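Trainee: Sequence:
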Amino acid sequence: MRGRRKAREIALQVLYSLNFVNIDVQKALDLFWGNFVAPQAAKEFAASLVQGTWEHREELDRLIAGCSDNWSLGRMSKVDISILRMAVFEFLYCDDIPPKVTLNEAIDLGKIFGSENSGSFINGILDALNLKLSREHADTPVNRTTRPAKT
1 MRGRRKAREI ALQVLYSLNF VNIDVQKALD LFWGNFVAPQ AAKEFAASLV QGTWEHREEL
61 DRLIAGCSDN WSLGRMSKVD ISILRMAVFE FLYCDDIPPK VTLNEAIDLG KIFGSENSGS
121 FINGILDALN LKLSREHADT PVNRTTRPAK T
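Read in this note's numbering, the sequence shown has 98 at position 98, and its numbers run on one by one without any break.
Don't read these hints as lab results, they were simulated from the structure. Just so we're clear, the structure is a prediction, and the values are computed from it rather than from any experiment. Just so it is clear, CB atoms sit at the ideal spot from N, CA and C, and this is done for glycine as well. There's no promise every hint is true.
[Unchecked claim] With a Cα cut of at most 30 Å, we get these calculated BS3-like pairs of lysine-lysine: (1) K27 to K43; (2) K100 to K78; (3) K78 to K111; (4) K6 to K27; (5) K100 to K43; (6) K78 to K132; (7) K132 to K111; (8) K132 to K6; (9) K78 to K43; (10) K6 to K100; (11) K132 to K27; (12) K27 to K78; (13) K111 to K100.
[Stated by the list, open to error] Between beta-carbon pairs, the in silico distance windows are: (14) D24 to S77: 20 to 28 Å; (15) A65 to N117: 41 to 49 Å; (16) R75 to L31: 26 to 34 Å; (17) K27 to E116: 31 to 39 Å; (18) F36 to R135: 13 to 21 Å; (19) E59 to I23: 29 to 37 Å.
Use the sequences and the hints to build the structure in full.
Mentor: Here it is as structure tokens:
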């Protein structure tokens with residue numbers, strides 16, 4: 001799964017940049033690929049993460065805000081919010097990725113790209129959100145125990 005880790009790192013970089021420039025997602029991806037190379041599988045997964053996360057960011061932001069006591073999204077670092085958005089997108093829309101994997105990957109990205117407290121900050125919010133989503137969808141007849149069906 002090394003390719004997916006690389007894809008998440010790429011997606012994080014593109015999502016981070018989209019916080020500062022007002023360009024189309026595809027244009028942002030094209031700019032990135034104009035300067036960097038990656039295996040095709042990583043490119044495809046990164047593109048799906050970036051496009052999905054950016055398309056659903058209002059929904060993702062509402063969910064994140066609902067689990068971030070005393071922290072408005074405006075107070076969060078752009079790196080942390082980008083990681084959180086991507087992870088919540090995976091929770092909701094990537095059926096093939098176990099929530100535990102998403103959580104661990106997000107924490108690792110926070111430790112690598114964020115501040116010294118990013119890993120624990122991301123862990124706290126995502127753990128609370130995963131628990132909340134699990135409770136809300138406990139009666140959903142899905143073959144998963146910790147993630148809701150796509151909505």
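Trainee: Look at each hint and say if it fits the structure.
Mentor: Outcome of the hint check:
1. K27 to K43: holds (14 Å)
2. K100 to K78: Holds - the C-alpha atoms of K78 and K100 are around 23 Å apart, at most 30 Å.
3. K78 to K111: holds (14 Å)
4. K6 to K27: holds (20 Å)
5. K100 to K43: Judged against 30 Å, a Cα distance of about 23 Å means the pair holds.
6. K78 to K132: Holds. K78 to K132 sits at ~24 Å (cutoff 30 Å).
7. K132 to K111: holds (24 Å)
8. K132 to K6: Within the cut-off at roughly 29 Å; holds.
9. K78 to K43: The given pair, whose Cα atoms are some 22 Å apart, holds under the 30 Å limit.
10. K6 to K100: holds (18 Å)
11. K132 to K27: violated (35 Å)
12. K27 to K78: Distance ~20 Å between K27 and K78 Cα, so the pair holds.
13. K111 to K100: Holds, at about 17 Å.
14. D24 to S77: 20 to 28 Å: holds (24 Å)
15. A65 to N117: 41 to 49 Å: Given a distance of about 19 Å, which is not inside 41 to 49 Å, the answer is violated.
16. R75 to L31: 26 to 34 Å: holds (29 Å)
17. K27 to E116: 31 to 39 Å: Since the Cβ atoms of K27 and E116 sit about 33 Å apart, the hinted range of 31 to 39 Å holds.
18. F36 to R135: 13 to 21 Å: Given range 13 to 21 Å: violated, Cβ gap about 40 Å.
19. E59 to I23: 29 to 37 Å: Because 21 Å falls outside the window, the suggested range is violated.
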